[in-house]
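Full structure from sequences and hints, please.
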Amino acid sequence: MKDVRIVFIGGHHTPALAVIDSLISNFQFPISNFCWIGHKFSMWGDKNVSAEYQEVTGRGIPFYDLKAGKLYRTFHPLKLIRLPFGFLQAFCYLLKIRPHLIVSFGGYLAPPVVIAGWFLGIPSVTHEQTVEGGWANRLVSKFAKKIFVSWEESLKYFPRDKIAVTGNPLRPAIFEVKKQLAINNQLSTIYITGGKQGSHVINEAVKGALPQLLEKYNVIHQCGRSTVFDDYEALSAQRSALSAELRSCYLLQDFFGEEEIGAVFAAADLVVSRAGANIVYELAALGKPAILIPIPWVSHDEQRKNAQLLVDTGSAIILEEKDLSAKSILLHSDILLSNLEKYREGGKKAQKLVRLDAADNIADEVVKLLN
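Mapped onto the numbering used here, the consecutive letters of the sequence shown carry residue numbers 23 to 393.
Please note: incorrect hints may appear among the correct ones.
[What the hints assert, rightly or not] No farther apart than 25 angstroms at their CA atoms in a straight line, the calculated lysine to aspartate or glutamate pairs in the DMTMM-like style are these:
1. Lys-374 with Glu-154
2. Lys-371 with Glu-154
3. Lys-229 with Asp-291
4. Lys-118 with Asp-25
5. Lys-229 with Glu-282
6. Lys-344 with Glu-154
7. Lys-327 with Asp-345
8. Lys-62 with Glu-281
9. Lys-370 with Glu-282
10. Lys-349 with Asp-276
11. Lys-178 with Asp-382
12. Lys-349 with Glu-267
13. Lys-164 with Glu-174
14. Lys-201 with Glu-281
15. Lys-164 with Glu-154
16. Lys-178 with Glu-154
17. Lys-184 with Glu-154
18. Lys-349 with Glu-226
19. Lys-364 with Asp-345
20. Lys-238 with Asp-356
21. Lys-370 with Glu-174
22. Lys-184 with Asp-386
23. Lys-229 with Asp-345
24. Lys-374 with Glu-174
25. Lys-344 with Asp-356
26. Lys-184 with Asp-379
27. Lys-200 with Asp-382
28. Lys-390 with Glu-174
29. Lys-164 with Glu-175
30. Lys-374 with Glu-324
31. Lys-62 with Glu-77
32. Lys-164 with Asp-183
33. Lys-229 with Glu-255
34. Lys-200 with Asp-43
35. Lys-178 with Asp-334
36. Lys-238 with Glu-226
37. Lys-327 with Asp-379
38. Lys-89 with Glu-77
39. Lys-238 with Asp-345
40. Lys-370 with Glu-154
Hints in this document: simulated from the structure, not taken from any laboratory.
Structure (structure tokens):
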């Protein structure tokens with residue numbers, strides 16, 4: 023497979039990297055086989071490079087920044103202009119790379135690349151992480167050779183002759199404790215995350231709740247880093263103003279990479295998070311109790327449906343964004359941590375929903391297509 027070239031589209035970059043890891047370890051693919059098309063920046067107007075860009079380039083994989091636009095909830099005329107530009111840019115990238123296969127992980131970057139690939143005769147496969155098929159993957163499925171899904175509930179959204187239930191690829195790092203965290207081992211620990219780029223509304227609620235939380239718990243906080251909101255800088259200043267005792271209970275970072283994330287999850291008794299497909303699948307795999315705050319405006323209300331999977335097992339509760347505040351984070355954290363064994367039992371049920379071999383399943387299918 024030395025001369026094979028595969029383009030990955032990283033709408034969700036951690037499962038895509040898990041598949042690359044499987045191809046390398048199980049089929050001896052060299053890293054030079056892979057190229058990546060994705061977001062160099064997380065948000066419109068942000069000057070900080072994305073976690074996706076940092077992790078992909080850190081592995082030595084060539085990264086192509088696609089300036090594609092999206093239709094859903096897009097009102098800015100300059101963003102709409104990106105729709106045709108993204109297709110032309112994807113077309114040029116593919117002409118330059120000349121890949122043998124495109125592996126898509128959804129998101130609005132996928133359609134221009136997959137459709138441009140179809141015109142050029144380049145086959146593609148795609149993976150759907152969420153319970154309900156998103157608009158991008160529903161479109162992509164018309165051009166893809168194979169559609170992989172995480173959940174049985176997703177089968178109804180795609181052509182049956184193309185679909186395979188593989189599970190959602192998990193990064194091995196979430197199970198590996200590679201370093202120890204400097205936190206108070208006598209206290210329960212809450213891990214708060216808004217996803218790889220952080221969540222401004224969650225960060226704002228944490229600011230108000232932080233002194234009271236730290237009187238009872240360790241708080242590990244992945245807040246993201248954005249020049250649009252400057253949350254990391256504001257929270258860093260708030261941390262500096264705390265007493266030395268409280269400061270020792272607050273671990274703040276913009277992003278936890280593969281060297282740290284396993285230790286973070288191992289330490290966490292409770293996770294407060296958005297309800298994206300990847301974090302929900304990771305929480306299920308680890309059996310972690312959670313407070314989930316779905317983004318209310320995403321297409322098909324998919325984050326609520328993701329969250330409901332864990333609510334149904336008894337491992338999580340949903341906190342509506344409209345009810346999110348310093349007070350509600352404090353209240354719900356106290357409730358879950360005072361009933362921790364109950365939610366841990368729910369976590370054991372959630373673990374039964376997960377397929378731990380998802381990355382290997384997709385890697386096997388990729389090799390079959392290449393052969």
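Here is what the structure says about each hint:
For the hint pairing Lys-374 with Glu-154, the CA-to-CA distance comes to about 20 angstroms; that is within 25 angstroms, so the pair holds. For a cut-off of 25 angstroms, the pair hint linking Lys-371 to Glu-154 stands: about 21 angstroms separates their Cα positions. About 20 angstroms separates the Cα atoms of Lys-229 and Asp-291, which keeps this hinted pair within 25 angstroms; it holds. A threshold of 25 angstroms between alpha carbons decides the hint, and for Lys-118 with Asp-25 the separation of about 15 angstroms falls inside it, so the pair holds.
Pair hint Lys-229 plus Glu-282 holds up; C-alpha atoms about 23 angstroms apart against a cutoff of 25 angstroms. Taking the CA atoms of Lys-344 and Glu-154, the gap is near 23 angstroms; set against the 25 angstroms cutoff, the hint holds. The suggested pairing of Lys-327 with Asp-345 holds, with an alpha-carbon distance near 18 angstroms, which does not exceed 25 angstroms. Between the alpha carbons of Lys-62 and Glu-281 the distance comes to roughly 22 angstroms, so the proposed pair stays at or under 25 angstroms and holds.
This hinted pair checks out: Lys-370 and Glu-282 have alpha carbons roughly 24 angstroms apart, not beyond 25 angstroms. Distance hint between Lys-349 and Asp-276 is fulfilled; the C-alpha atoms sit about 24 angstroms from each other, no more than 25 angstroms. Between the alpha carbons of Lys-178 and Asp-382 the distance comes to roughly 24 angstroms, so the proposed pair stays at or under 25 angstroms and holds. Between the alpha carbons of Lys-349 and Glu-267 the distance comes to roughly 22 angstroms, so the proposed pair stays at or under 25 angstroms and holds.
At most 25 angstroms may separate the alpha-carbon atoms for a hinted pair to count; Lys-164 and Glu-174 meet this at roughly 20 angstroms. Taken as a hint, the Lys-201 and Glu-281 pair is honoured in the structure, with Cα atoms around 7 angstroms apart against an allowance of 25 angstroms. For the given pair, Lys-164 sits about 17 angstroms from Glu-154 by alpha-carbon distance, which is consistent with the 25 angstroms threshold. Of the supplied pair hints, the one linking Lys-178 and Glu-154 holds, its CA atoms being roughly 9 angstroms apart against a limit of 25 angstroms.
Taking the CA atoms of Lys-184 and Glu-154, the gap is near 17 angstroms; set against the 25 angstroms cutoff, the hint holds. A distance of roughly 12 angstroms separates the Cα atoms of Lys-349 and Glu-226; the hinted pair therefore holds under the 25 angstroms criterion. With a C-alpha separation of about 24 angstroms, the suggested pair Lys-364 and Asp-345 falls inside the 25 angstroms cut-off, and the hint holds. Note on Lys-238 and Asp-356: the hinted pairing holds, with a Cα-Cα distance of about 9 angstroms set against a maximum of 25 angstroms.
For the hint pairing Lys-370 with Glu-174, the CA-to-CA distance comes to about 19 angstroms; that is within 25 angstroms, so the pair holds. Annotation: proposed proximity of Lys-184 to Asp-386 holds, straight-line Cα distance about 15 angstroms (limit 25 angstroms). Only pairs whose Cα atoms come within 25 angstroms are accepted, and Lys-229 paired with Asp-345 is accepted, the gap being roughly 16 angstroms. Our distance criterion of 25 angstroms between C-alpha atoms is met by Lys-374 and Glu-174, whose separation comes to about 13 angstroms.
The straight-line distance between the Cα atoms of Lys-344 and Asp-356 is roughly 20 angstroms, inside the 25 angstroms bound, and the hint therefore holds. For the given pair, Lys-184 sits about 20 angstroms from Asp-379 by alpha-carbon distance, which is consistent with the 25 angstroms threshold. Distance restraint check for Lys-200 and Asp-382: the Cα-Cα separation of roughly 23 angstroms lies within the 25 angstroms cut-off, and the hinted pair is therefore satisfied. Under the criterion of a C-alpha separation no larger than 25 angstroms, the hint pairing Lys-390 with Glu-174 is consistent with the structure, at around 23 angstroms.
At roughly 19 angstroms between alpha-carbon atoms, Lys-164 and Glu-175 fall within 25 angstroms of each other, so this suggested pair holds. Between Lys-374 and Glu-324 the CA atoms are separated by roughly 21 angstroms; this keeps the pair inside 25 angstroms, and the hint holds. For the suggested pair Lys-62 and Glu-77, the alpha carbons sit about 11 angstroms apart, so the restraint of at most 25 angstroms is met. Taking the CA atoms of Lys-164 and Asp-183, the gap is near 12 angstroms; set against the 25 angstroms cutoff, the hint holds.
Under the criterion of a C-alpha separation no larger than 25 angstroms, the hint pairing Lys-229 with Glu-255 is consistent with the structure, at around 12 angstroms. Our distance criterion of 25 angstroms between C-alpha atoms is met by Lys-200 and Asp-43, whose separation comes to about 18 angstroms. Between Lys-178 and Asp-334 the CA atoms are separated by roughly 21 angstroms; this keeps the pair inside 25 angstroms, and the hint holds. Restraint check: the Cα-Cα separation between Lys-238 and Glu-226 comes to about 20 angstroms, which is no more than 25 angstroms; the hinted pair holds.
Annotation: proposed proximity of Lys-327 to Asp-379 holds, straight-line Cα distance about 23 angstroms (limit 25 angstroms). Among the hinted pairs, Lys-89 with Glu-77 is consistent with the structure: their alpha-carbon atoms are about 19 angstroms apart, no more than 25 angstroms. Taken as a hint, the Lys-238 and Asp-345 pair is honoured in the structure, with Cα atoms around 23 angstroms apart against an allowance of 25 angstroms. The hinted pair formed by Lys-370 and Glu-154 meets the criterion: a straight-line CA distance of about 24 angstroms does not exceed 25 angstroms.
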